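Trainee: Start from the sequences and build out the full structure, keeping to the hints where you can.
2 protein chains.
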Amino acid sequence: MGRDFTDVSMAVVRRLPKYHRYLKDLLDKEVYRISSRELSRLIGFTASQIRQDLNCFGGFGQQGYGYNVEELYNEIGKILGLNKIYSTVIIGAGNLGQAIANYPHFVKYGFKLYGLFDSNPKLIGMKIRDINIYDVDAIESFVEKNQIEIGIICTPKEVAQDIADKLTNAGVKGIWNFAPLDIKVPDDVIVENVHLSESLFILSYLLHEKEALEAAKRK
Amino acid sequence: MGRDFTDVSMAVVRRLPKYHRYLKDLLDKEVYRISSRELSRLIGFTASQIRQDLNCFGGFGQQGYGYNVEELYNEIGKILGLNKIYSTVIIGAGNLGQAIANYPHFVKYGFKLYGLFDSNPKLIGMKIRDINIYDVDAIESFVEKNQIEIGIICTPKEVAQDIADKLTNAGVKGIWNFAPLDIKVPDDVIVENVHLSESLFILSYLLHEKEALEAAKRK
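Respectively, the protein sequence lines represent chains P and B. Per the working numbering, residue 1182 is the first one in the first sequence, and the count goes up by one each step. Per the working numbering, residue 1182 is the first one in the second sequence, and the count goes up by one each step.
Derived from the structure by calculation, the hints contain no laboratory data. Everything numeric in this text was worked out from a predicted model, so none of it was measured. It cannot be assumed that every hint is accurate.
Copies of the same chain are indistinguishable here, so a pair counts whether it falls within one copy or spans any two.
Unchecked claim - Heads up, simulated DMTMM-like pairs for lysine to aspartate or glutamate below, C-alpha to C-alpha not over 20 Å straight-line: (1) LYS1354 - GLU1321; (2) LYS1365 - GLU1219; (3) LYS1308 - ASP1346; (4) LYS1303 - GLU1325.
Mentor: If you want it as structure tokens, here you go:
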């Protein structure tokens, strides 16, 4: 099968990891076949949405049979590029960097960690899961030498852009950014952000909103 | 001003934290006034999108003047409920839980941490920022007694639903969930998820996609 999903909207793509996660849960429960209706009940998307989404990638269901869970799981994994191995480094070896380094999904799905980097002399020389924490000053030569593809930024906001510049100069293709700012990178580098405070503020909004509605009802 | 934003779409709401972050950066740089066009250039939304978004909440701009940065920052903060104090607990005091406990934005925007909880005897009794790590078995009584509003789940997937049940039984109003599953809660409890693997898989998708396109071009 040729691979050209450039017409597939990012809205569809952003739902794929959720399909992947639910299909994995089904496999773990030894469920090998599922209808779009059952999948819909589980995952919370409508059955027609599910059929539409999966059709974007060639369609995997068979009329009257439903989906083969394992096949669908494997195909979505391939679409997500999870059959590949990615070489990665983490910059910022504090709690967050260490949490990412130890995150089970990270290792399991082919993200190979080559090193962590920090500026804190207390951390430099330590190991996380047998992986060294190096001086952040060595980042560019390390990335070049080991042809690192993904840099994961877990540093404070103040140094994140400088780190991003060093990573992209040294040749990384993608950045997973946890620092609370929008880093600037060359057009051919991909950035995916996890802005924790944005998520927290949405929770705060929804709680505040609910309280205001309840107060209005009481009047 | 009355507060009823029930008609405002979540798509707009989800952009508010980004406005808030950029306005804070402007204030830090002592910029006190900005046009929607300049804000657009900074933040990457179109000027008309910005005007539309902010109009949902009553509109803050003045023709020919632009936006008063401080006023807009404060108003968006209020809309997000950031002028309130929220009582919180973190369940799971490993690296991720500790990272959240130390996250500067967390403290700064009124999220008051009352305690961390873990099942690991090595962690119980330790402190993070002067805040105790308690035995997870005490979670329900602690939440009830201290009227905790938000529970933050940083546990492994396997125990997350059980923790969520205990938190909601004990009266929390919202859950910030980092465990890689969709927890089930009563209708009146708000859940905001941070699914790290979904973000990582999107990065993987985009890298894989880009590579496939480049390979196709070389043919």
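Trainee: Hint compliance check: list the failing hint numbers for this structure, sorted ascending.
Mentor: As far as the earlier hints go, 3 and 4 are violated by this structure, in ascending order.
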